[in-house]
Amino acid sequence: MNKDRVLLLIPAYNEAENIERVVTEILEFRKNLDESSPTVDYVIINDGSADDTARICTENGYNFVDLAVNLGLAGAFATGMEYALRHGYDYAVQYDGDGQHDVHYLPDMYKMAKEQNLNICIGSRFVTQKKPGGMRMFGSNIISACIKLTTGVRVKDPTSGMRLYDRKMIESFGKRMNMGPEPDTVAYLLRKGARIGECQVTMRERVAGESYLNVFSSAKYMFNICSSILIAQWFR
Amino acid sequence: MSPTMRVLLLIAAFLMTIYIGRSLKKSRLQINDSMFWIFMSFILILFAVFPQIPEWAADLAGVESPVNLVYLLMIFLLIVRNFLMTLRISKLEDKLRRLAGHVAIVENEEHESST
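Line by line, the protein sequences are chains G and Y.
For the first sequence, counting from 1, position 160 maps to 305 in this note's numbering; every step adds exactly one.
For the second sequence, counting from 1, position 2 maps to 6 in this note's numbering; every step adds exactly one.
Among the hints, erroneous ones may be present.
Stated by the list, open to error - Result set (DSS-like, lysine-lysine): computed pairs, CA atoms no more than 30 Å apart in a straight line:
| hint | chain 1 | residue 1 | chain 2 | residue 2 |
| --- | --- | --- | --- | --- |
| 1 | Y | K95 | G | K313 |
| 2 | Y | K95 | G | K337 |
| 3 | G | K337 | Y | K30 |
| 4 | Y | K95 | G | K365 |
What the hints assert, rightly or not - Here are some chain Y residues pointing at chain G (derived, C-beta under 8 Å):
| hint | residue |
| --- | --- |
| 5 | K29 |
| 6 | Q34 |
| 7 | L91 |
Calculated from the structure, these hints are not laboratory results.
On a predicted model such as this, the values are computed, not experimentally measured, just so you know.
The beta carbon of each residue, even a glycine, is placed where N, CA and C say it ideally should be.
Start from the sequences and build out the full structure, keeping to the hints where you can.
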């Protein structure tokens with residue numbers, strides 16, 4: 146039987162401080178894969194970074210796609226999905242370039258997607274672990290409630306940025322507008338009948354650099370996602 | 005507001021909503037951009053169904069006729085929208101320029117290395 150091929154797509158915007166550590170970890174992880182595991186490749190999508198991200202990738206011989214202008218997370222992700230489609234991957238994983246995600250959970254996610262025939266497997270922080278309270282999870286709870294309200298499905302960690310997509314999803318992501326790597330797309334796909342599961346993972350704190358989401362844009366992000374899930378989805 | 009005005013508002017809002025929906029369905033419009041227009045037609049419907057709202061607001065603002073307030077609000081909203089669009093176009097043009105320049109330079113380097 147042919148092995149499945151999994152692609153880690155890593156959008157990177159000004160991740161010069163992190164990218165080497167992230168890729169090194171993936172390469173180490175790849176060495177220790179056993180026979181039952183899928184083939185794991187990676188591609189970095191450098192989203193027009195102003196720092197040394199591209200230079201570091203070139204010097205280390207990393208596999209990367211260099212966007213000439215900054216497209217934002219959605220644009221970088223779409224490029225990664227097109228890459229996965231063109232190279233015929235069976236699964237694509239959205240993976241952070243800042244070291245928050247732990248590649249060692251990939252086999253669990255892959256196995257779960259394979260066994261339960263899932264279209265999307267979310268690397269979730271709160272399947273078996275309890276969700277912490279407080280302001281930090283406030284936004285996550287609201288988005289969960291919006292998705293529950295519109296789809297009837299409880300997604301425990303909708304804002305997790307670590308998601309595994311199967312071949313069918315890879316194909317549909319390339320073709321349409323409004324398919325950003327965000328919770329509103331998850332809600333949309335749920336309504337369209339996609340099978341989505343959550344697999345317990347733990348995430349690390351950000352070590353260095355600046356995220357796409359800073360504190361000031363969080364409110365705007367919440368508004369966009371909630372209005373998209375609650376209002377715009379009904380037209381689609 | 006006259007009943008005719010209210011019916012006109014309702015029809016306009018209704019047609020607008022249908023067109024927004026179709027554009028979204030056909031992937032011709034990004035969700036973020038659609039929100040302004042959905043919001044706009046929502047306001048129109050609100051005013052048409054509850055004319056007390058613009059009447060109350062006109063009273064508050066000291067505008068003689070509620071219809072004038074509706075016009076004023078529309079013009080104001082459209083000016084803001086127009087300015088935001090100008091910003092986006094500027095950004096887009098700048099990106100396009102850099103993109104075209106980048107492609108041209110890469111092609112030139114390929115030529116250089118092949119000769």
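Right, here's what the structure says about each hint:
no.	hint	verdict
1	K95/Y to K313/G	34 Å, violated
2	K95/Y to K337/G	35 Å, violated
3	K337/G to K30/Y	15 Å, holds
4	K95/Y to K365/G	20 Å, holds
5	K29	6 Å, holds
6	Q34	6 Å, holds
7	L91	16 Å, violated
This entry does not satisfy hints 1, 2, 7, going by the numbered hints stated previously.
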